[in-house]
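Undergrad: Listed below are the residues making up each chain.
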Amino acid sequence: MYQRDLGATEKGSPGIREMVLNMGPQHPATHGVLRIILKLDGETVVDLDCDIGYLHRGVEKICENRPYTHIEPYFDRLDYVAGVSNNLAYIEAVEKLAGIEVPPRAQYIRVILTELQRIASHLLWLGTHAMDIGAVTIFLYAFREREEVLNIFENYFGARLTTNALRIGGLFYDTYPGFEEQVRAFCRIFPERLNEYETILNENRIWLGRTVGVGVLTAEEAKDLSVTGPVLRGSGVKWDIRKAFPYEVYDELDWEVPVGENGDTYDRYLVRMEEMRQSRHIILQALDRLPQGPILGKVPKMIRPPAGEVYHSIESPKGELGVYLVSNGTSFPERLRIRPPSQINLQALRKMAIGHMVADVIALIGSIDIVLGEVDR
Amino acid sequence: MTDKPEKPKSAPKVSAKKPVASSEPPPITDDPIVDRLRQQFPEAVLEAIQLDWPTLRIARDYILRVCRFLRDDAEAQFDFLTDLTGRHIPDAEKPFQVIYHLYSFPRNARLRLKVDVGQDEAIPSVVEVWSGANWMEREVYDLFGIRFENHPDLRRLLLPEDWEGHPLRKDYPLLFRYNRWTQEHLNMIPFDPEGEYTGKFE
Amino acid sequence: MVAHRRRNWKQAISRFLLLDLIKGMIVTFKWQAPSKCYTVQYPKVRPRIGERFRGAPRLNRDPETGESLCIACNLCAVACPENLITVTEEVREYLDEASGKVKKKRFLADYLYDTSRCMFCGYCQDVCPTYAIELTQEFELAIYRRKDFAWTWEMLENGIDQPVYTR
Amino acid sequence: MELVERIISNPVMMEYVWKPLVVILILLFIVLTLVAYLVYAERKVSAFIQARLGPMRVGPYGLLQPLADLIKLLLKEDLIPAEGDRAIFKFAPIMSVVCALVVLAVIPFGWGVATITDINIGLLFILSVSSVGILGIILGGWASNSKYPLLGALRSSAQMVSYEVAMALALVGPLMFAKSLSMTAIVEAQRADHIWYLLYQPVAFLIFLVAGVAETNRTPFDLPEAEAELVAGFHTEYSGFRWSLYFLAEYTNMLISSAIAVTVFLGGWSFPLLDRLRPEHPGLFTLLSILVFAVKVFVLIYIFMWFRWTFPRYRYDQLMDLGWKWMIPATLANILITGAIIMIGQETLGLTKVTGGEYGERLVVPGLAGKAYFIGMAWLVLVPLTWIILAIINRRSYDFNLRAQRQIRLPERPATDDVFGKV
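Those sequence lines, one after another, are chains A, B, C and D. Residue numbers are given in this note's numbering: position 201 of the first sequence equals residue 216, and the series is strictly consecutive. Residue numbers are given in this note's numbering: position 148 of the second sequence equals residue 134, and the series is strictly consecutive. Residue numbers are given in this note's numbering: position 53 of the third sequence equals residue 131, and the series is strictly consecutive. Residue numbers are given in this note's numbering: position 191 of the fourth sequence equals residue 253, and the series is strictly consecutive.
These aren't lab readings, by the way, just hints derived from the structure by calculation. You may find that some hints are simply not true.
Below are the EDC-like pairs computed for lysine to aspartate or glutamate, each with C-alpha atoms no more than 20 Å apart in a straight line [what the hints assert, rightly or not]:
1) K253/A x D157/B
2) K101/C x E218/A
3) K108/C x D180/D
4) K114/C x E163/A
5) K209/D x D64/A
6) K76/A x E150/B
7) K114/C x E211/A
8) K258/A x D65/B
9) K80/B x E349/A
10) K80/B x D17/B
11) K241/D x E145/D
12) K183/C x E167/C
13) K253/A x E218/A
14) K114/C x D64/A
Estimated spans, in silico, between C-beta atoms of each pair [said to hold, decoys possible]:
15) E61/B x A200/A: 30 to 40 Å
16) R126/C x N37/A: 36 to 46 Å
17) R119/D x R208/A: 26 to 36 Å
18) R208/A x R126/C: 14 to 24 Å
19) G370/A x P125/C: 41 to 51 Å
20) F107/C x P306/A: 40 to 50 Å
21) V426/D x Q110/C: 37 to 47 Å
22) I127/C x E235/A: 46 to 56 Å
23) N37/A x I142/D: 15 to 25 Å
24) D38/B x I127/C: 50 to 60 Å
Only part of the chain A face toward chain D is listed, based on derived beta-carbon distances under 7 Å [to be verified]:
25) P40
26) P43
27) V48
28) I52
29) E58
30) D147
31) I148
32) A150
33) L155
34) I221
35) W222
36) V373
37) A374
Beta carbons are placed, not taken as given, at the ideal position from N, Cα and C, and that holds for glycine.
Kindly generate the complete structure, drawing on both the sequences and the hints.
TA: Below is the structure:
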């Protein structure tokens, strides 16, 4: 109703060629309440417009009216499939602003948890992406493995999705007995399961036909569109915040940044699959080096960072999740801006999709990996 | 049932305690990029300080030219717009601020630009420099009401087109459940704490 | 590291023989054994809940005296990001057994916990000095009436009546 | 009274009205129950493939689930879009389901009484009637007056047109051996020859299988109802019992597709060594023949389901590509090469003879040498030659050259557009 009329009828009177198709907000493949207005010529997309905001809750406004200690649960609800990563972005921004040191054990555990979260998030992406393209079985296989990660989370923080995992200055919970064994057991079975998914998909001609050459985004276009995360890496830009601005203990660990060549849907798929392997590699290293010691640093009772501002970003599973925090010296933030990676990546959809078919739009939404909780905030 | 009265609550309550004193951030004196920028546009850089990243305060009219210069300059190479956001400072002379976070892939460096915008003033859009600024500027327009000149498609991004007010302004009430838009579109019934809400169709 | 795709003759031949499809079909066939089933038959079989799980709230009583552990300090209400806890206190006189004097002390008069707004973040139980408020492993919170989401003191101590399904 | 009695007991009435009616009712009852349990089987198979359990609540192992589904569907509200064409909207699913059920008349479910009728144009009848069934889908999609169903209906019609051709052409190969369109005659030809035509015609079987999957709108060809793209395709606006009619038609079609495949390629109800029972225990033989047919059909249906739960979905243009660039050339090549093989075998080597019989003349390969020749030629010459012909035709297609595909298929981006501006 509020969108511009896409002009279905204005062009030609006798032979109307274009059809306007309203996809969403309730549509099985838009991953939530994304509304896409497609202008179609036959089944080819001539133009599209994304209408977001159906899930807008004003998180930034809420956060301005909460003390620093109360904001973290709201971050769980942004990218609700990657709660720990969101927590980490906020917590680190506050720590950076207030100058709080985090003990090494807490840092290692944070790395383990965020990488587990990355695996969980990517598994959810894999499942939904494959299901959008029609391979329903992968969806349930991926969820089965994701369940293992969520079980670890449940044992660790007592919640599966909205973890509220970390505390300013460290962690609230120390590891539970059997944590290491459970994580290692998961790491043991995980690669072979990943191989199985790749057996089903990687060489499958239908999968290749649906993904190769679909939605090509060159490196220049990707940079121009401020795209981050696996979408950027799929386009061949070797850039990861964990390497560019290492936070926590990522600079002590040995891992690589997977990069695609062509910037199509298939490359983004390959990059994410490889990222899961790298995450597992990071987890195992961090487990080996996990030091003993306290898990909470010296934290003032009332967190009141000095007046100032900080922009801190982490590599969330979707891309660069940034928190721009302005403090006025009180215990409430003056301004808190969340840089939502999937919202900014979603901008690239239009560039990718025009000229493709309706079915490819679905595949592209999946390959951008959006979560509407984060897009709309 | 805890039904709160609908009173607008804008400012946090706990601001009575005195803020922690902070030292003044050091000004930037020997950054080659800032020097070049000052050389190129003598009136553009109003202030240059070192926060977590170098932060430049740019005059409003120059922002488009500065951004294009920073992107194209062989030394600066800020080819990536990480973030674009706004801020409302009600007491300031120019109450709005638009904040740009730039990033340079070749140099792995960030830069923050700030532009003060007065009430009812517009600011040049940087979409032609980085297309990624499109939705970010739309969002700032949506939530702060800052207009961007020459933006290709300046509509509200998150809120409905006919929504009134800009939520991230400090004077916008936090609890704002019953307003004209919701009355027109949502058919909301006032909540009765004594009523029975069974969740079934009635 | 570049995630690259292999294109060679071997792959071309395998595509001619439909091996790429057959390989996938073997994987899906392999998982069919009923022993590899992952389903938990929920109402019949209770899922295993983590020890730290944050579920339904509970106000604990002193196991010996049966009195509420809550001292009406209001910390949980302050700690709650959603402001959903309402603690009402009253000052009562009581007989201190150690000294034998009549003293004045704050007691809990009423406790209201609005689960419809609860995020289960666990800040209330973290901050509680006497371990009175606690988020238990109970996760069945569905209720027919919206006003029943506001849990009173009594509901918090005794839990709510959930129908137990057996099949 | 007497008149009524005469009408009822009239032998003509008996032969042409009452007996068929009873058979039809029995058959419908069996088939409809079967179809309901096919849905159950689909759910169970998909569940096991996905390491789940599937329906478990209604009855032991969820065996009464089809009944519960039926009751649910009957009780559901029957919605008709306000702006839709009401008459056609109501008529379309009936058309779909009637066409599917009519086809059952000529399928030989077993020997003797188990074959309801045997008409000498059986295969043609099946192909023509089942292509009318698609009209039901098109009408339903059109009458809904909604965009998703319309897209689904259009996709469906295009898909049917292209795959019907491939399906019919694939059947020509076996027919060259059977020399009859009658379903029973095809089975008898295979039985008498002690061979399944699968061995003579592997390419035709594969193509028929693929086209059968496409005909029944199942993954990887379920574009008309692709749930991720078109919500539910042509039946988006349908609900309740009308929706279940479409469902019924789809599963009946699946049954029919596999039944034809079994009849033409897998020897129908015949099975090696079973023939000895026929003279002595005809009743037992009939029963066993039905069982054999059922087992073969269910193996094929299982393969259909297996496909569905393993593969992703084709895109619309790729589907057309596959149909017109791969399947139809392959069937044509198959016909050509098979003809050559038969010619050589018949004229030059004299391995075959044409015999008449109960069901008309057919090609018989009496000797072991002849069988070896035909099977060997089919697998060693026919298959590679077909592949080579396909490879030559499609040397530029994406299946060979992904790089070429990327260059060809890069979308043409409009330089500017007035609607949204940049991005």
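Undergrad: Could you run down the list of hints and mark each one as holding or not?
TA: Okay, the hints, checked on the actual structure:
| no. | hint | verdict |
| --- | --- | --- |
| 1 | K253/A x D157/B | 43 Å, violated |
| 2 | K101/C x E218/A | 9 Å, holds |
| 3 | K108/C x D180/D | 41 Å, violated |
| 4 | K114/C x E163/A | 15 Å, holds |
| 5 | K209/D x D64/A | 18 Å, holds |
| 6 | K76/A x E150/B | 16 Å, holds |
| 7 | K114/C x E211/A | 15 Å, holds |
| 8 | K258/A x D65/B | 18 Å, holds |
| 9 | K80/B x E349/A | 17 Å, holds |
| 10 | K80/B x D17/B | 28 Å, violated |
| 11 | K241/D x E145/D | 51 Å, violated |
| 12 | K183/C x E167/C | 10 Å, holds |
| 13 | K253/A x E218/A | 25 Å, violated |
| 14 | K114/C x D64/A | 44 Å, violated |
| 15 | E61/B x A200/A: 30 to 40 Å | 52 Å, violated |
| 16 | R126/C x N37/A: 36 to 46 Å | 44 Å, holds |
| 17 | R119/D x R208/A: 26 to 36 Å | 29 Å, holds |
| 18 | R208/A x R126/C: 14 to 24 Å | 21 Å, holds |
| 19 | G370/A x P125/C: 41 to 51 Å | 47 Å, holds |
| 20 | F107/C x P306/A: 40 to 50 Å | 46 Å, holds |
| 21 | V426/D x Q110/C: 37 to 47 Å | 41 Å, holds |
| 22 | I127/C x E235/A: 46 to 56 Å | 51 Å, holds |
| 23 | N37/A x I142/D: 15 to 25 Å | 21 Å, holds |
| 24 | D38/B x I127/C: 50 to 60 Å | 42 Å, violated |
| 25 | P40 | 13 Å, violated |
| 26 | P43 | 6 Å, holds |
| 27 | V48 | 15 Å, violated |
| 28 | I52 | 10 Å, violated |
| 29 | E58 | 6 Å, holds |
| 30 | D147 | 5 Å, holds |
| 31 | I148 | 4 Å, holds |
| 32 | A150 | 4 Å, holds |
| 33 | L155 | 4 Å, holds |
| 34 | I221 | 5 Å, holds |
| 35 | W222 | 5 Å, holds |
| 36 | V373 | 6 Å, holds |
| 37 | A374 | 5 Å, holds |
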